[in-house]
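The listed protein sequences correspond, in order, to chains F and Y. Using the working numbering, read the first sequence as starting at 1 and increasing by one per residue. Using the working numbering, read the second sequence as starting at 340 and increasing by one per residue.
Please keep in mind that the hints were generated in silico from the structure rather than gathered at the bench. Treat the hints with care, as some may be off.
[Unchecked claim] Ranges between beta-carbon positions, derived for each pair: (1) GLY80(F) <-> LEU801(Y): 43 to 51 Å; (2) VAL821(Y) <-> THR298(F): 48 to 56 Å; (3) ILE360(Y) <-> ASP192(F): 56 to 64 Å; (4) HIS86(F) <-> SER400(Y): 55 to 63 Å.
[What the hints assert, rightly or not] Not the full set, but computed from the structure, chain Y residues with beta-carbon under 8 Å of chain F: (5) ALA573; (6) PHE622; (7) LEU684; (8) SER713; (9) MET783; (10) MET797; (11) GLY798.
Each residue gets a CB set at the ideal place from its N, CA and C atoms; glycine is no exception.
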Amino acid sequence: MVSRLFRLRVLALATLVSFAAFIGAACTPDHPQSTFDSMGPVAQRQEDLFVLIFIAALIVFLIVGGFLLFTVLKFRNRAGTPRQTHGNTRLEVILTIIPAIVLIIVAVPTISALFYIADPPSGEAVMDINVTGKQWFWNFEYPDAGVTTSNELHIPVGENIRATLRSDDVIHSFWIPKLAGKVDVIPTRANDMWFKADEVGVYWGQCAEFCGIAHAHMRFQVVVETQADFDAWVAKQAEPAAEPSSELAQRGHDLVTARGCIGCHTIDGIPGAVGTIGPNLTHVGSRTRIASGILERTPENVAAWLRDPQEAKPGNDMPNLNLSEDDISALVAYLDGLK
Amino acid sequence: MATIASALSRPTSLNGVWSWITTVDHKRIGILYGVTAFIFFLIGGLEAMLMRLQLARPEQSLVGPDEFNQLFTMHGTTMIFLAIMPLSAAFFNYLVPLMIGARDVAFPRLNAFSYWVFLAGGIMLNLSWLGGAPNSGWFGYAPLTSSAFSVGNGVDWWVLSLQVLGIASLASAFNFIVTILNMRAPGMSLFRMPVFIWMTLITAFLLIFAFPVITVALVELMFDRNFGTNFFVASAGGDPILWQHLFWIFGHPEVYILILPAMGIVSEILPTFSRKPLFGYPFIVFSGIVIGFMGWAVWSHHMFTVGLGPIANAAFTITTMAIAVPTGVKIFNWIGTMWGGSIQLKTPMLFAIGFLFLFIIGGLSGVMHSISPSDAQQQDTYFVVAHLHYVLFGGSIMGILGGIYYWFPKFSGRLMSEGLGKAHFWATFIGMNAAFFPMHFLGMDGMPRRIFTYESGMGWDLWNFVSSVGAIFLGISMLLFVYNAVRSWRKGELAGDDPWDARTLEWSMPSPPPIHNFDEIPIVRGRDAWWHQKRRRAVTAPVAGGSGESDGAHESIHLPSPSYMPLLAAIGISLAAYGVVLSYYLTAFGMFMTVASLYGWYMEPITASSEDEKH
Ligand SMILES: [Cu+2]
Ligand SMILES: [Cu+2]
Numbered sequence: 001m002v003s004r005l006f007r008l009r010v011l012a013l014a015t016l017v018s019f020a021a022f023i024g025a026a027c028t029p030d031h032p033q034s035t036f037d038s039m040g041p042v043a044q045r046q047e048d049l050f051v052l053i054f055i056a057a058l059i060v061f062l063i064v065g066g067f068l069l070f071t072v073l074k075f076r077n078r079a080g081t082p083r084q085t086h087g088n089t090r091l092e093v094i095l096t097i098i099p100a101i102v103l104i105i106v107a108v109p110t111i112s113a114l115f116y117i118a119d120p121p122s123g124e125a126v127m128d129i130n131v132t133g134k135q136w137f138w139n140f141e142y143p144d145a146g147v148t149t150s151n152e153l154h155i156p157v158g159e160n161i162r163a164t165l166r167s168d169d170v171i172h173s174f175w176i177p178k179l180a181g182k183v184d185v186i187p188t189r190a191n192d193m194w195f196k197a198d199e200v201g202v203y204w205g206q207c208a209e210f211c212g213i214a215h216a217h218m219r220f221q222v223v224v225e226t227q228a229d230f231d232a233w234v235a236k237q238a239e240p241a242a243e244p245s246s247e248l249a250q251r252g253h254d255l256v257t258a259r260g261c262i263g264c265h266t267i268d269g270i271p272g273a274v275g276t277i278g279p280n281l282t283h284v285g286s287r288t289r290i291a292s293g294i295l296e297r298t299p300e301n302v303a304a305w306l307r308d309p310q311e312a313k314p315g316n317d318m319p320n321l322n323l324s325e326d327d328i329s330a331l332v333a334y335l336d337g338l339k
Numbered sequence: 340m341a342t343i344a345s346a347l348s349r350p351t352s353l354n355g356v357w358s359w360i361t362t363v364d365h366k367r368i369g370i371l372y373g374v375t376a377f378i379f380f381l382i383g384g385l386e387a388m389l390m391r392l393q394l395a396r397p398e399q400s401l402v403g404p405d406e407f408n409q410l411f412t413m414h415g416t417t418m419i420f421l422a423i424m425p426l427s428a429a430f431f432n433y434l435v436p437l438m439i440g441a442r443d444v445a446f447p448r449l450n451a452f453s454y455w456v457f458l459a460g461g462i463m464l465n466l467s468w469l470g471g472a473p474n475s476g477w478f479g480y481a482p483l484t485s486s487a488f489s490v491g492n493g494v495d496w497w498v499l500s501l502q503v504l505g506i507a508s509l510a511s512a513f514n515f516i517v518t519i520l521n522m523r524a525p526g527m528s529l530f531r532m533p534v535f536i537w538m539t540l541i542t543a544f545l546l547i548f549a550f551p552v553i554t555v556a557l558v559e560l561m562f563d564r565n566f567g568t569n570f571f572v573a574s575a576g577g578d579p580i581l582w583q584h585l586f587w588i589f590g591h592p593e594v595y596i597l598i599l600p601a602m603g604i605v606s607e608i609l610p611t612f613s614r615k616p617l618f619g620y621p622f623i624v625f626s627g628i629v630i631g632f633m634g635w636a637v638w639s640h641h642m643f644t645v646g647l648g649p650i651a652n653a654a655f656t657i658t659t660m661a662i663a664v665p666t667g668v669k670i671f672n673w674i675g676t677m678w679g680g681s682i683q684l685k686t687p688m689l690f691a692i693g694f695l696f697l698f699i700i701g702g703l704s705g706v707m708h709s710i711s712p713s714d715a716q717q718q719d720t721y722f723v724v725a726h727l728h729y730v731l732f733g734g735s736i737m738g739i740l741g742g743i744y745y746w747f748p749k750f751s752g753r754l755m756s757e758g759l760g761k762a763h764f765w766a767t768f769i770g771m772n773a774a775f776f777p778m779h780f781l782g783m784d785g786m787p788r789r790i791f792t793y794e795s796g797m798g799w800d801l802w803n804f805v806s807s808v809g810a811i812f813l814g815i816s817m818l819l820f821v822y823n824a825v826r827s828w829r830k831g832e833l834a835g836d837d838p839w840d841a842r843t844l845e846w847s848m849p850s851p852p853p854i855h856n857f858d859e860i861p862i863v864r865g866r867d868a869w870w871h872q873k874r875r876r877a878v879t880a881p882v883a884g885g886s887g888e889s890d891g892a893h894e895s896i897h898l899p900s901p902s903y904m905p906l907l908a909a910i911g912i913s914l915a916a917y918g919v920v921l922s923y924y925l926t927a928f929g930m931f932m933t934v935a936s937l938y939g940w941y942m943e944p945i946t947a948s949s950e951d952e953k954h
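With the rest of the complex left out, here is chain Y:
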């Protein structure tokens, strides 16, 4: 096995495809994450548009019931695991080291590994279309997922790809926790960190606690389906409600995993374009932490109709209502940030304000859902679909799009077109409301979710039609964004280091940043370090609380070298997963490949010496 390490000479090229494949540079990995996740986002969007076409009129048969079930299963799974989470990860990757004043993440190769494993999981999930995609919903309720009710391999691919994706999420969560805790520039105490870093940290902690729960549930489901166990098989005495508890103990924190990064992004955009510091920084940070804790105490609000009894429902009603308080605190503070500022309505700011507006609606419909007695009427109707899209599209996606507009100049060196950006914002804002607002009406009018068709005469025709038109419009509006991004990347106006007159450290360096990020590790004397540095304020605050190494004298900077090992290990893991369905020999081979690459990984030095390069 040791030969693996020596058989492959260390990759050295800094340009071309191979340099991307072997890269361990957090900025490149961030871009890989972002582009890949955006492609999955477009695929998930296409799935949604197909469903909306089918539902535009009553009793259509554009897609049949089984295809429809596959579409909504894949749409949900894709948007959550392959679009929003990795889009957030793209921001973590690109920005965390820049914002805390570090040269890379703590474990650069592990970072590359996370990306490749994520890509492998995403490909695996989507390849399932070839033989029948999973069709039991992204929530995979037992016993519908058991082999008696879900024949074929769709559910197996779903289970396996989620396991693979879980590895990617866990690895990157650990990486960011260590990076944030250990590599901050001198003077950057925890309470001087940008709020985006705080939200990243909380998200990473949620990930490492939430994913093991779904992992256990998925392992049990895999055993039920493949090895004859009966964890969830009701006919053999298994407990289908156990699945729901496990799934939602993961699933509710997952909601915050999806929204906290966008909240962090918005917390960076609002101060910059209001030209004012974030209002109530400690309140925003603490409310984020409180949400992180309370997020574990509300899962059964997804199970109000399961029959847990009035006492349990009362308890979860109250905890769920209570979680609205820290969320409200954030909203007040964001508005407070703008109050008294000088608001520049640039595209990123429009998206941030759009986020606030839509998130208020989604938050309020969430509170309405928390009222369990009346929720018995809305549960599993289109009202929920409306709510979750206000939170995940209006919240997460609007925040993420705003973040892309905001940091695009940093990672491409060029500005995106403002005109196209604004057009995109308004098209998205209008399309999103046209698509999702009528769903509130449909839900109150008794339309259940996950039905592939409906009779006319239910009173649902009009709003379904409006919603479908809105959804198609929304889908098309994304093309504006793609066009703008591609064009600006190639020939947009040059951005310069700090086009927005921003406040945090990433704007202190050239755009795009040099491979080593900082020529000199900055010294931080307060929040919004760059803003104060620019204004040459005589800040006398002590430099206290950083956790990384400062480089003292100007020695040469050692950066980690590119490596094949993360990619090879990721391929090994995905082969092992494919093998569970295809052949256990493949599993054995995949595991061997993983172990061998991890060994090679362990044996190779982080930074290749010049001798290595001579091989």
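Chain F extracted, bound-state conformation:
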């Protein structure tokens, strides 16, 4: 009996230690989507609330689970026919009321957090961004600056951001774990969410609502930078696409029209390049990743993408265009210049 209780205690301790180890480990940079490494007030509020509920739940678990095990061990194989008790009304009423009270206590910070995350603090400045979820990438529009980009959201540090979420196809869900919990992106609706980043850095986001074949690959990055860097970035994005700087790139520039890329992609400055089926490529050369975050934008990766977009991201809406290797290197050179 003693040894059994001892073993139980060891078990409980081991559970606690592994939890603590997990939470500690989850804060390191190699957990880019950890919800225990909040970098902004919205995520922080959600994390604090979670930790509170978690501790409450853990206490309840240890008490009830411990009591359960204790009961089983204590009354195991007791001799004789036990007394046939049928219940104890007072005890049961008490045991009904206690959890109700615990829940009422928990409800208070819950409701307050709920209203906190609903809207940015009133009276503070807010920057608006329009987010459009598409099968299977993201478009970001800055209405005040008149700038549109894809898959890489830039925001200034310390500023309240209000994102208005829309979709033209199916339901997606916009989620940047370190900055804010998710809000669904729903056709026929424009949902709002707000967040703020406290530190400069790059944060990962991912579509959280199942949206079809390439759902697993519908990711994005949020680049949080100083106001000055952000302003410079916006100014650059507002410019039309850069002119090709080499002969090879010039050929790529011509191919973009000749091979019909412009039917699906927007490139400001090229006549007719107003397609919206794919991401905006005007400044694709300024981004660190392509294909909604899944490939680093190296020349090799861009070439591989053009060779067969279905290889890296099965099911996405860019078909294999059967480009020749010459064309591919020309296009890679051109796209690389679109800083």
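Assemble the complex: chain F is given as a structure, and chain Y with the ligands must be docked to it using the hints.
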């Protein structure tokens, strides 16, 4: 049409395949339900193991994205509609008449009909693998299910088979409500019913209120896909959120449809192996009823991130937190049942205790989900996957497995091996925790659900690997159970009438029970009727509140005769459903066949006279 009834002579054989196909005996139908559902359970388990293999390491390509989407859609749909619900139905069928002291259910042929329709629906859903299984998730969110985004017939098969399965569920729910309300033995008032019967009754009521909602939603989806309507087609002004409301108004009560039967089973096992009555019977019953009502007021907790606004989210947060109270009441009373008892750790009891332990974890993670602001981080992550498996595997399946070990001696006449049973319990318990506990970590670490692969460097590698090993282990542990069940059924130790010294009426008769159940309808003077009868307590409580017929003098017992009609009607219904995809002529034929068999059903007497048999 009248010829149908007379053209087929009434089946008479009591042995062999045909006797099973035409049976209307609730015990045989129960066994059919159980075996069929268990096979579907194994199929669903295989689907899960394939997914876990794919996710064991980052960036694997064992299965591609589309196959993966089909796998999780089929896994969810199969486990809910083809495994847990019909496994519960197996217990309802086998046990309800035995436990309330009746000779059969109220509508024996309708009962057979439910089974055949269920089987037809299950086959239909699984045949869809041939041409591409449904791949939009078991929740089928619009507009991904619309014909623009889901080409092919996968979603159609999903819609149609769920409709077919809905018919089976509704028919059996009505049957059990009528049986329980009208056929209880003399003296068995409602508050003398075993808790399992109460949970069956509540489940049946939930079914008849929940299924019409999903039926309407599915009809609308079928019209959108086949006849050009736009209920959910966002691009044409339809409302995808309407689907979510309809789906979850069904879907949340469905959660209780899945768990209440297991709670009923556990409420029978715990008293037997504690050798004590259930603690706080009225509290357990009332909390079940309260859950049954409150289950209708929480559906939007599945929609916390939809953008319903803070007021709606606050309301559903509070109702969802509140539903934890009656659930907690049950847990306290189950522990109270064991307290002061003499606990026999036989296999069924191990599963019941395992149920309690795992259900506490699942319940608590459920409360964590109800906190909508922080749930925005867990929604649609592996944290939810962990939670739902603690409730549905740790809860429903553990309860059901315990129930099988518990009643196996009754329906087979033989005991299952205790040694293998205990090994199975520990393997399942360990495998289940290894498979599902790490998913909490994955969710908190930002891993979304329903992704077919992930990059390494997300911090997800370790726990995914552990989870996959656990899942494979869990799958293999089920083989122990199958081996034990098959072997024990054929040459297990003979059980006798009452191997566990149990408390309820089904243990008062031989194992397996005779076809007419009770030689003499028992007279009930209190809860745990059989326990008191055995101890020959001088119970003076009045015999009041039964609702069935007692047989007074010993007349000969008339049992309903076997019939072809339920099977024919079920085939007709499934043909009509196949026709929606294949050809409307087939639909017309199927409908005709259904109507004709129902007419034949109506014309044939419940109990064939000896003249009929001479044809
Ligand atoms: Cu998605
Ligand atoms: Cu729910």
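Hints, verified against the model:
1. GLY80(F) <-> LEU801(Y): 43 to 51 Å: holds, 50 Å
2. VAL821(Y) <-> THR298(F): 48 to 56 Å: holds, 52 Å
3. ILE360(Y) <-> ASP192(F): 56 to 64 Å: Holds, since ILE360(Y) and ASP192(F) (Cβ atoms, about 59 Å apart) stay within the stated range.
4. HIS86(F) <-> SER400(Y): 55 to 63 Å: holds, 60 Å
5. ALA573: With a closest approach of 4 Å, the ALA573(Y) hint holds.
6. PHE622: holds, 5 Å
7. LEU684: holds, 6 Å
8. SER713: SER713(Y) check passes; min Cβ-Cβ to chain F is 4 Å, inside 8 Å.
9. MET783: Status holds, d = 5 Å.
10. MET797: holds, 6 Å
11. GLY798: Because about 4 Å separates GLY798(Y) from the closest Cβ in chain F, which is inside the 8 Å limit, the hint holds.
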